[in-house]
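Visitor: Make a model of the complete structure from these sequences and hints.
2 protein chains.
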Amino acid sequence: MARDQKEIEQGTTFVPKFDPQGLLSAVVQDVATDRILMIAYMDREALDATISTGVAHFHSRSRGRLWKKGESSGNILNVEEVLVDCDQDALVLRCRPAGPTCDTGKVSCFYRMLEDGILRPVNS
Amino acid sequence: MARDQKEIEQGTTFVPKFDPQGLLSAVVQDVATDRILMIAYMDREALDATISTGVAHFHSRSRGRLWKKGESSGNILNVEEVLVDCDQDALVLRCRPAGPTCDTGKVSCFYRMLEDGILRPVNS
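Heads up: the protein sequence lines correspond to chains B and D, in order. The working numbering puts the first residue of the first sequence at 1, with every later residue one more than the last. The working numbering puts the first residue of the second sequence at 1, with every later residue one more than the last.
Heads up, a few of these hints could be off.
[Stated by the list, open to error] Derived DSSO-like pairs (lysine-lysine); straight-line CA-CA distance at most 27 Å:
hint, chain 1, residue 1, chain 2, residue 2
1, D, Lys-17, B, Lys-68
2, D, Lys-6, D, Lys-17
3, D, Lys-68, D, Lys-106
4, D, Lys-17, B, Lys-17
5, D, Lys-17, B, Lys-106
6, D, Lys-6, B, Lys-68
7, B, Lys-6, D, Lys-6
8, D, Lys-17, D, Lys-68
9, B, Lys-17, D, Lys-68
10, B, Lys-17, D, Lys-106
11, B, Lys-106, B, Lys-68
12, B, Lys-68, B, Lys-17
13, B, Lys-6, B, Lys-17
14, B, Lys-106, D, Lys-6
15, D, Lys-106, B, Lys-6
The set of hints was computed from the structure by calculation and includes no laboratory data.
Guide: Now the structure itself:
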């Protein structure tokens, strides 16, 4: 294994790897229930804002700008832990949400399950 | 809200939305522990293979081909539930893993936590 790869996988230095679009994936998980709430994308600016404020910020791909989750609704995500994966191109944000995370008003964006080709409500 | 958008968010029809690269994000979560194990990407082919076999398949961006997770190591992911998000561009695969998910031998790819700018092992 190349020395760089070893350092990325085993080291203590945080060297986030952004994709060609300048983004990495961030999964939001409720720290109290372990439920997955949403997936979004971060550029360097969003990552820095998240780390410096302790509140989740993303890069809105549709609006092409920094997006503080909950900036309109007030349903912010307080970040308690940031987990980093082996190749440092994905994060898990373990959060305490201030309210429902999904814009539909649901607790999680993952409120449906695929069953025999049909979407059905998740029991929760 | 446009009728299409309403159907996507509230309907029972599965109409997965792939990005311009033909991919959607899939988060793998252990169905027994709720721990997040990895994040990967699926194209239409990987999604179809996952649904038809009940074993997680992804699109390897580095190798540019269909990738059955565990094809070399044997550490496959048996998919018990597929959750779909509001805009149908991301999935959660709730799985029963046959072994450690991470190629490093760790249970999860998310084995480190960012703390004061430094990566530290997750207690687990």
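Visitor: For each hint, tell me whether it holds in the structure or not.
Guide: Against the structure, the hints come out as follows:
With a C-alpha separation of about 24 Å, the suggested pair Lys-17(D) and Lys-68(B) falls inside the 27 Å cut-off, and the hint holds. Of the pairs offered as hints, the one joining Lys-6(D) and Lys-17(D) holds, with about 14 Å between alpha carbons and a cut-off of 27 Å not exceeded. For the suggested pair Lys-68(D) and Lys-106(D), the alpha carbons sit about 19 Å apart, so the restraint of at most 27 Å is met. Pair hint Lys-17(D) plus Lys-17(B) holds up; C-alpha atoms about 25 Å apart against a cutoff of 27 Å.
With a CA separation close to 20 Å, the supplied pair Lys-17(D) and Lys-106(B) stays within the 27 Å bound. Pair hint Lys-6(D) plus Lys-68(B) holds up; C-alpha atoms about 24 Å apart against a cutoff of 27 Å. At roughly 46 Å between alpha-carbon atoms, Lys-6(B) and Lys-6(D) are farther apart than 27 Å, so this suggested pair is violated. Between Lys-17(D) and Lys-68(D) the alpha-carbon distance is near 21 Å, which keeps this suggested pair within the 27 Å criterion.
The suggested pairing of Lys-17(B) with Lys-68(D) holds, with an alpha-carbon distance near 24 Å, which does not exceed 27 Å. For a cut-off of 27 Å, the pair hint linking Lys-17(B) to Lys-106(D) stands: about 20 Å separates their Cα positions. Annotation: proposed proximity of Lys-106(B) to Lys-68(B) holds, straight-line Cα distance about 19 Å (limit 27 Å). Taking the CA atoms of Lys-68(B) and Lys-17(B), the gap is near 21 Å; set against the 27 Å cutoff, the hint holds.
Proximity of Lys-6(B) to Lys-17(B) is assessed by CA-CA distance (about 14 Å); at most 27 Å being required, the pair is judged to hold. A distance of roughly 14 Å separates the Cα atoms of Lys-106(B) and Lys-6(D); the hinted pair therefore holds under the 27 Å criterion. For a cut-off of 27 Å, the pair hint linking Lys-106(D) to Lys-6(B) stands: about 14 Å separates their Cα positions.
Hint 7 from the list above is the single one not met by this structure.
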